[in-house]
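Engineer: Once you have looked at the hints, place chain B on chain A.
Number of protein chains: 2
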Amino acid sequence: MLDIADIRDAAQRLRGVAHRTPVLTSRTLDAMLGARVFMKAEHLQRMGAFKFRGAYHALSVLTPDERARGVVAFSSGNHAQAVALAARLFACPAKIVMPADAPAPKVEATRGYGADVVLYDRYRDDRAAIARRIAGERGAALIPPYDHLPVMAGQGTCALELIEDVGPLDALIVCAGGGGLLSGCAVAARALAPAIEVFGAEPEAGDDMRRSLHAGHIVTIEVPRTICDGQQTTAVGVQPFEVIRTHVSDVLTVSDAGVVEAMRFAFERMKQVLEPSGACALAALMHHAGRFRGRRVGVTLSGGNIGVERFVALVTGAERAA
Amino acid sequence: MLDIADIRDAAQRLRGVAHRTPVLTSRTLDAMLGARVFMKAEHLQRMGAFKFRGAYHALSVLTPDERARGVVAFSSGNHAQAVALAARLFACPAKIVMPADAPAPKVEATRGYGADVVLYDRYRDDRAAIARRIAGERGAALIPPYDHLPVMAGQGTCALELIEDVGPLDALIVCAGGGGLLSGCAVAARALAPAIEVFGAEPEAGDDMRRSLHAGHIVTIEVPRTICDGQQTTAVGVQPFEVIRTHVSDVLTVSDAGVVEAMRFAFERMKQVLEPSGACALAALMHHAGRFRGRRVGVTLSGGNIGVERFVALVTGAERAA
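Those protein sequence lines, which keep their order, are chains A and B. Each residue of the first sequence is one higher than the one before, starting from 0 at the first, in numbering that gives the first Met the number 0. Each residue of the second sequence is one higher than the one before, starting from 0 at the first, in numbering that gives the first Met the number 0.
Next up, chain A with everything else stripped away, as it sits in the complex (with noise of 0.2 Å):
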């Protein structure tokens, strides 16, 4: 199981090429809830997104060799950036499969990068077979989004840089797709202020960690229809799943009306531009603000890759889950 270890060995692969990125406070978001409010602001990291840590700290513990062979991931979105800008920095080749709807900008990013795209049907294809077979095919190294520990241990230092940044906190709540930030971060905090309580954030549509945590298994639910489609997906990692299930003391759901309400909070108070699966977290705060009144409480704000035209539609509600 991931170790706080593998953390901070991961944060010293990362010094000085991702970014130590700031910690946010609002007043007024204080005032409101009640509460001691520390956003761990990752929509300032590299690429726009926490995904840059892993995916990087993945890459770097790789042979030079398997490097030259390549890499493949596939990706809703930010892990797909994450990977290609990761593999330019090391000068390798990256392949990724990618959902065809995935948001354009995302699209263009990654292949802004350097890397070579490939789309795929997300409502009918099996993106990691597909995934698979390219890198047997090439000999390349699948870097996969969540369920890997050198990925979960770079998503890691998140909390890590947050707790050693602000001290201690009473309650930390981290946005949870795969589970791959929600794992790292619960090790970090738990090893740097054991009495933390660690929380999961997800959309109400697509809450199978919530349920996989009450089964006390992994259950599988369709793909969910919701605004936060960094959070599309249908079951946590097995890894993940193994540290959540010690770790994580609940996890809360928002509705897309949430989440789009604290996407306008940071853009009108806070003046930060959150994508939708990266104001998922601040949401869960907000909405289930009476269980964290008077902590000290951190969140992630885990991206902000959105584009100006999809904020529009998303703010005068011409885009709902479909």
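There could be a bad hint or two in this list.
Just so you have them, the derived chain A footprint on chain B, three or more residues with Cβ under 8 Å [as the list claims (entries may be wrong)]:
1. 175-185
2. 263-273
3. 308-316
Derived, one-sided and incomplete: chain A residues facing chain B with beta-carbon distance under 10 Å [as the list claims (entries may be wrong)]:
4. L43
5. P104
6. R110
7. R209
8. R210
9. M262
10. A265
11. V272
12. L273
13. G277
14. N304
15. F310
16. V311
17. V314
Keep in mind the hints are simulated off the structure, nothing from the lab. Note that the Cβ used here is the ideal one computed from N, Cα and C, for glycine as well.
Structural biologist: Relative to chain A, chain B alone:
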């Protein structure tokens, strides 16, 4: 005339009260422009704009007796909120004269800080006369938005911090309305980096400062029709102009479309929300990039007070200068 000692004194008084805002950089922007750009993030200042610096400093130099009689200000928006917040921090009454067509969130925020708001017609009434009358009736101190040495000194702390944090710059671009920020920053910049070239940035439709600088005397224009509501001044202030004619190399103008483009860039690439006037200096840099190639350039991001609805109207083209 304003001196660097005044600005250093203002910095002392602002310590621990105003935020020492971060300096933002963007690899994408640097690559696009072929320059090294350092952006002073005053949209993350208290109440969302640099104006807090000047307002708080101006109140801090009043005697306790003067403050007890209250303060009065006239403003197109951010100065109003700034004086209202500063007055609240000093627990003194504030009366704010605002244009009736000021953005609603700015009026609400001003009232939210506990100030009493008096509305006037921007195209018909003389706001300065209204404010002076109120001040006369109440024995309250008038806090002008820019033509006032303590305000200019407070705004100058913005460039002081920027150059302290990033070292000498070849050029500094500062958004200009009445000239408070530009004059204060010019004095600080030239004191810390004597070889620096300082530029103002203003909307094309309201280029009174450029014309004044070229003419060698203050030129007054009609209220300009521009989306940059923080720069709808008709003439630079007398005291700011004395500084500007001495220390400012030129004033760059930008179209409203160029300002929206800079707002989009800040949103999509930097994940930052800027109001039109807050994006004016960045827009000027992007539009006049040839002049800054290969140079280390400072830019003020001066404010981020814009609601989601107005942002949508601007980026969709539904709002144009009326």
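Engineer: Could you work out which earlier hints the structure fails to respect and list their numbers in ascending sequence?
Structural biologist: 1, 6, 7 and 8
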